[in-house]
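**Student:** Spelled out from the first residue to the last, the chains are:
Protein chains: 2
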Amino acid sequence: MRIPRHIGIIPDGNRRYAVAKGMSKEKGYDLGIDPGLTVFKLCKQYGVEEITFYGFTTDNTKRPREQRLAYTKACIDAVRLLTNEDADLLVVGNTESPMFPEELLAFTKRNAFGSGRIKVNFLVNYGWEWDLNNLKTLNDGRKNITKNIKSNDISRVDLIIRWGGRRRLSGFLPVQSIYSDFYVVDDYWPDFKAEHFTEAIEWYQSQDVTLGG
Amino acid sequence: MRIPRHIGIIPDGNRRYAVAKGMSKEKGYDLGIDPGLTVFKLCKQYGVEEITFYGFTTDNTKRPREQRLAYTKACIDAVRLLTNEDADLLVVGNTESPMFPEELLAFTKRNAFGSGRIKVNFLVNYGWEWDLNNLKTLNDGRKNITKNIKSNDISRVDLIIRWGGRRRLSGFLPVQSIYSDFYVVDDYWPDFKAEHFTEAIEWYQSQDVTLGG
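These protein sequence lines are chains V and S, in that order. Every letter in the first sequence is one number past the one before it in our numbering, and letter 90, counting from 1, is 98. Every letter in the second sequence is one number past the one before it in our numbering, and letter 9, counting from 1, is 17.
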């Protein structure tokens, strides 16, 4: 079986899930923590080497305060849970803004927890413009870009799985996603089922990797 | 009806189509010219304001010589055909490489043909790394990026339609595609049917535009 080396997770639909269940929107985020841990364990079991979670973005911070507090707390809790696992953990995002939770500052250098076998990247207050704004005019092409973006410790993503039905990247790692295969699950993220993951891996079997060639 | 202001066209599957019809791979590119003209006319009819065609990329130039010559010729022919239409036409790509056809140099400044009502961008010897490598370290965020990429005359893409079943961007305008909705047609590009386009527009009706918010 061909296993993607690096999987990106876009866990969308938390608010729509909450509304569908008659809850207020911000209640959805907490329900996304367990799915995150489950998908991490599935990745480990399948031998995936690197996984990147789309926590929240600088775009997201324009949302109402109670939502902002709720998704920030969910990200903090999720990162803390991952410290109990075998994860080589890094939080990536703009730490210079007040929207970055200080509880996660300690995680902005990569740290191995447990046996640290899987690289886990967690995007927190991440912005595509923040990421790209560091580029230099060195004119040495592709390597210049991948080395000089702020997220340079995150490698090329092979497979992106997005929950919640939207077929868009919404600013997720534009450089690392250049050649990624993109799989969309219609169910909302809090409705995560292991089958979503295994179906995405199955679908990935039928994709070739050409890197644009 | 909600019409995307800017549509990106990824016309993939020319070689697979040719092979499926018992032809050699390079024969597929010529068969992609008519679909391009048809989709242009559909865009005009629907009131789309801007359309970007993914001609060929710097990645593609690694392909065998006969394929390279064939897709280059198809791009030249397609651009020439568009000069007979109402198109405000611009060819965007790395002109400093020998892979850029000199026949298209005259089109690398925007020119209005006919009544020039639709902006048409045609990517020729385009490379995402070439596009991004121009960025400066001005630290003024999003505007810095959109103004300083080489493709700065191409605006944000609302809807990308890709033919040939692959669910990936393959380097297509990474900055302008940050928030794009992405619609995939399984049929190969030479098998283009107007229904592909109208179904994509119909699907687009059910998408919201949040720009990551």
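There may be inaccurate statements among the hints.
If several chains are the same, the list does not tell them apart, and a pair holds so long as it fits within one copy or across any two.
Said to hold, decoys possible - Each computed DMTMM-like pair below joins lysine to aspartate or glutamate, with the alpha-carbon atoms no more than 25 Å apart:
1. 155 to 210
2. 155 to 93
3. 33 to 94
4. 155 to 96
5. 155 to 104
6. 33 to 93
7. 33 to 216
8. 70 to 216
9. 70 to 94
10. 35 to 216
11. 35 to 58
12. 52 to 104
13. 35 to 104
14. 117 to 210
No wet-lab data here; the hints were simulated from the structure.
**Student:** All hints are to be evaluated individually against the structure, with a verdict given for each.
**Tutor:** Cross-check of the supplied hints:
In this homomeric assembly, residue 155 and residue 210 never come within 25 Å of each other (Cα to Cα): the closest approach is 32 Å inside a single copy and 41 Å across copies. Taking CA atoms no more than 25 Å apart as the test, residue 155 paired with residue 93 passes in neither setting, with 29 Å inside one copy and 43 Å between copies. Within a single copy, residue 33 and residue 94 get their C-alpha atoms no closer than 32 Å, and across copies no closer than 47 Å, so neither meets the 25 Å cut-off. Only within a single protomer do residue 155 and residue 96 lie at most 25 Å apart by alpha-carbon distance; the minimum there is 20 Å, versus 37 Å between protomers.
Taking identical chains as interchangeable, the C-alpha atoms of residue 155 and residue 104 lie at most 25 Å apart whether they share a chain (21 Å) or sit on different chains (24 Å). Neither within a single protomer nor between protomers do residue 33 and residue 93 lie at most 25 Å apart by alpha-carbon distance, with minima of 29 Å and 49 Å respectively. In the homo-oligomer, the alpha carbons of residue 33 and residue 216 lie at most 25 Å apart only across protomers (17 Å), although the nearest pairing inside one protomer, at 39 Å, exceeds that limit. Proximity of residue 70 and residue 216 under a CA criterion of 25 Å is satisfied inter-copy only: 17 Å between copies versus 38 Å inside one chain copy.
Proximity of residue 70 to residue 94 under the C-alpha cut-off of 25 Å is found in neither arrangement, the shortest distances being 34 Å within a copy and 40 Å between copies. In this assembly of identical chains, the alpha carbons of residue 35 and residue 216 lie at most 25 Å apart only when taken from different copies (22 Å versus 39 Å within one copy). Neither within a single protomer nor between protomers do residue 35 and residue 58 lie at most 25 Å apart by alpha-carbon distance, with minima of 29 Å and 40 Å respectively. For the identical chains of this complex, residue 52 and residue 104 are neighbours neither inside a copy (32 Å) nor across copies (45 Å), given an alpha-carbon limit of 25 Å.
When the C-alpha separation of residue 35 and residue 104 is checked against a cutoff of 25 Å, the pair qualifies neither within a copy, at 28 Å, nor between copies, at 54 Å. When the C-alpha separation of residue 117 and residue 210 is checked against a cutoff of 25 Å, the pair qualifies neither within a copy, at 34 Å, nor between copies, at 46 Å.
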